[in-house]
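Protein chains in written order, with this note's numbering: chain A, 1 to 197; chain B, 1 to 658; chain C, 1 to 155.
For the record, the hints were derived by calculation from the structure and aren't laboratory data.
Mixed in with the good hints there might be a few duds.
Said to hold, decoys possible - Quick list of in silico lysine to aspartate or glutamate cross-link-like pairs, EDC-like style, CA-CA up to 20 Å: (1) B:Lys452 x B:Asp495; (2) B:Lys463 x B:Asp495; (3) B:Lys536 x C:Asp73; (4) B:Lys536 x B:Glu564; (5) B:Lys519 x C:Asp83; (6) A:Lys153 x B:Glu595; (7) B:Lys522 x C:Asp70; (8) B:Lys264 x A:Asp133.
Listed below are the residues making up each chain.
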Amino acid sequence: MKKLNKVTRWMALAGGLIMIPSLLLPIWRIDLFAPQYPEGLYMLIWKDHLSGDVQVINGLNHYIGMKHISEDMFPELNYITYVLYGMIGIGIITFSIRRVWMLWTHAVLLISAAGLALYDFYKWGYDYGHNLDPNAAIQVPGMSYQPPLLGHKKLLNFDAWSTPGQGGWFILAGAVLVIGALLLEYFYFKKRSNTLA
Amino acid sequence: MKLNMKGLFLAIIMAFVVIAMFFSGCKPKGGISSLTSDAASKVYVPPGSYDEFYLFTSGGFSGQLGVYGLPSGRLLREIPIFSFDSEEGYGFSEETKAMLETSFGFIPWDDSHHPELSQTNGEVDGRWLFINANNTPRIARVDLTTFTTEEIIELPNTGGNHASAFITDNNEYVVSASRFSIPIGQREAAIDSYKEEFDGVATFISVDPKSGTMSPGFQLILPPFDYDLAHTGKGPSSGWMFFTCYNSEEANTLLEVNASQRDKDFIMAINWKKVEEYVKSGNGTKMPINVAHNYRDHNKGGMAVSERYTEITTIKPEEIPGLIYYIPCPKSPHGCDVDPTGQYFCAGGKLAAVVPVYSFEKMQQAIASKSFEGDVEGIPVLKYDAVLQGEVKDAGLGPLHTEFDNEGNAYTSFFVSSEIVKWKVATQEVIDKAPTYYSIGHLCVPGGDSRKPWGKYVIALNKITKDRYLPTGPALTQSAQLYSIEGEKMELLLDFPTIGEPHYAQALPAELIKDKQVKIFKIEESTHPYVAKGEKEATVYREGNIVHVKMTSIRSHFNPDNIEGIRVGDVVYFHVTNLEQDWDVPHGFAIQGAENAELLIMPGETLTLKWVPKRSGVFPMYCTDFCSALHQEMQGYVRVSPAGSNVPLKFHTNNKGL
Amino acid sequence: MKSVLSILLTGCLLAACGPKATDNKTLAEKPNSMFSDDDRSIAEGKGIGEVKEVTLNNPLDASRVQRGLDIYDMKCSACHQLDTVRLVGPGWQGLTQTRKPEWIMNMITNVDVMLEKDPEAQKLLQLCLTRMPNQNVSIGDARDILEFMRQNDGE
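Just chain A, with the same shape it has in the complex:
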């Protein structure tokens, strides 16, 4: 099986190691802005806990019948840490094995983990935004409050933003590096090795 180019091999390692800060930084954040909250409200999702204005958000959301956000709501918080360890470790493995098939495995695992995470987040958001208390004080017919998966969405008087946290950026950077390595391997080094051959 083909060996990895030196550059792509190091990129794979960097793609893993660059995720280490995400163990110490918030991975995702949700920001809410409203006329009476000009400074904004935010919620940070860490590998194993939540922080920010969770209580204030809960206080507001109960008027429209949304569930109380709590860490119990996210069983994911119990294993994100291990997934991150895995993502970092796999970079080291790819670096050590230095085979193209391993880079493939690395990329596929990474993309599927990210895809699963996003799907999981979407599923939670859907439930959180749609599964409302039928006795809620404010009920706007046809209105649901699903938070945006990524980017901006207007929820009643709030502008909601869903973006990666600092840790999330490192994870994204890792993903970009690994996928970049794969692309380089196929569209750049492959061509070059062909011409060299």
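Go by the hints and put chains B and C onto chain A.
Just chains B and C now, kept in the frame of chain A:
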């Protein structure tokens, strides 16, 4: 290899740049408020110049009334009404103590929400201002020539006087409706027997057209909803009063959830002219009540008197049909407002997304054609669509209150989305939106609930100030905001702090009342039982252990200013007459150890401070209001001897025995 | 040396007069003929106010004297004694002999303007240091007080 490592480094950087580009610059920066550059000149009132409008803001939990000048937002005065005020001695002086009497005894505080200027023919006439007390249900009347509280009446059978103090369009009645339904007739009942035993009431207090004196008119016994706000009909709808109500679920616990279940609650329309005729022809049931009626008796020098009203006529709606109708209104309506033409009325469903606008004419037709969708305890419920003129759609969230200008526009406050929305009454079309900082409750356009609004400004009365002012610990200032409405677009001009929590406010042009202000009380016309009309009448005399000091004050001395012969165990009444007859020369009076407050005595006025010396000694007294260059010399002494001592009663000024 | 001093002095005087002169100019420009009348009135010792000419009656009007006494008790006695002793304001004895009746009545009814413009009133303020309050006395009441003052002076 060297090149390759550089490539790797670049790739990592690129990864970050791509991500950064993807997400950069998409979040808003909060707290933006735009002011046009000439806003300052529009609110600038040069030193020595007068404001154009008086603004009267309720003090909320301060229980008082704030008076501001507009457009400057300068605080002119705080009128004590339902809470005592040590600054003026209101509620402490013998002349004002009785103003705070109730059937529960002396109550030194309340929660005042809705000031209402008196009206003639539906136009603000500048005579009086009425305001409600929410907690211990009362209505007060303030005289706009003296800016003093002249009268307070307690309301019978009422829990939470919130839908008050709104007047009919010729001051015939000032109304109240209960926020809390209770078992009527001051009796107990199991709270879970709410639906059977509890009732709401709407009370119409008669106002004497000449003197303004209030007396119980009549009271309607209603289903146990929470009645919230009201406004009078006018023009074609004159003779009707409109109230909002929520909790048509009739919940008695966790109303936050349990009173928010129905899609629609109600506006209650009362044909009070018809009720009045019914009562005048001897109908209704006389019910015994026991409520306080306090007023400053100007035949006794303004000495407040607390009397009792013992009877009110009550009417149950089923006695005579056609008095009351319910009109469905989206989700827990709050404000209830009638446009200047009297043809349309609207309500803000605080949990709703639309503002329904109803037509009085359609209401009349619906009544005539019996377009009912049912009834509540015999009160017909009209069909929503039969009365509806239109809905203001997609305006904002949490509509609360609406005021009107003189050009056919309405201004509705939206609490949740924190904005004022301007819309056309005729078409319900939204014209403009302006953000408020933050969470607006009521709003006010000068004359905005009358037939003749003056327009020009809308004032937002906000619930939260947050980052708008210098912070002052955990408790921040309360605030109002002034917007110009002279153009098509609303324009924010000014933030200004307010006393207490401002709920409703009303404004009128200064011209209407400024030249009617009382400047002094004529000393020769004083009817006070303890007045000293001149120093010759100043005296001290004993009645058992009560000592009366009839004292005068004029720049810059008291007479007498040396008093001896008071004994521990005496009760001393200082009746201080201000002999000045010139505007803006009040004198103050304070004495060491007084357990109440000071007196602030206007020219020609007599006020009385009760003083019970607890120990012997010589106690200073002095004038607290800087009155002249020799103000600091305006002082005196009272000698208090031990109980049982035989020091003779002696008093003088400048060693001149009187 | 003397001439230098006198020049200096004149300079000071001129400087002091400077603003006043412009004041007078602006006053004079106002289409108000009252000013010259006021000046004349002050010069005649009648003070400034609505009271231009008082006709004294002889003998005294007893009911006026009584009303004057009542008003004195109520509005004046806090500061004025009936002898020559100054309390807050000057004692009243002898006043009707030293002041014109018009001056007395203007001082009672128009005290703020008197204190601003009338030199005699200003001298009294310098002496007593307390501005006489406006006691909201009508012209008729002031006439009654005058009658009482005349009686107090032994007429």
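So, going through the hints one by one against the coordinates:
no.: 1; hint: B:Lys452 x B:Asp495; in the structure: 26 Å, violated
no.: 2; hint: B:Lys463 x B:Asp495; in the structure: 13 Å, holds
no.: 3; hint: B:Lys536 x C:Asp73; in the structure: 6 Å, holds
no.: 4; hint: B:Lys536 x B:Glu564; in the structure: 19 Å, holds
no.: 5; hint: B:Lys519 x C:Asp83; in the structure: 33 Å, violated
no.: 6; hint: A:Lys153 x B:Glu595; in the structure: 61 Å, violated
no.: 7; hint: B:Lys522 x C:Asp70; in the structure: 14 Å, holds
no.: 8; hint: B:Lys264 x A:Asp133; in the structure: 18 Å, holds
Hints 1, 5, 6, counting from the list given before, are not met by this structure.
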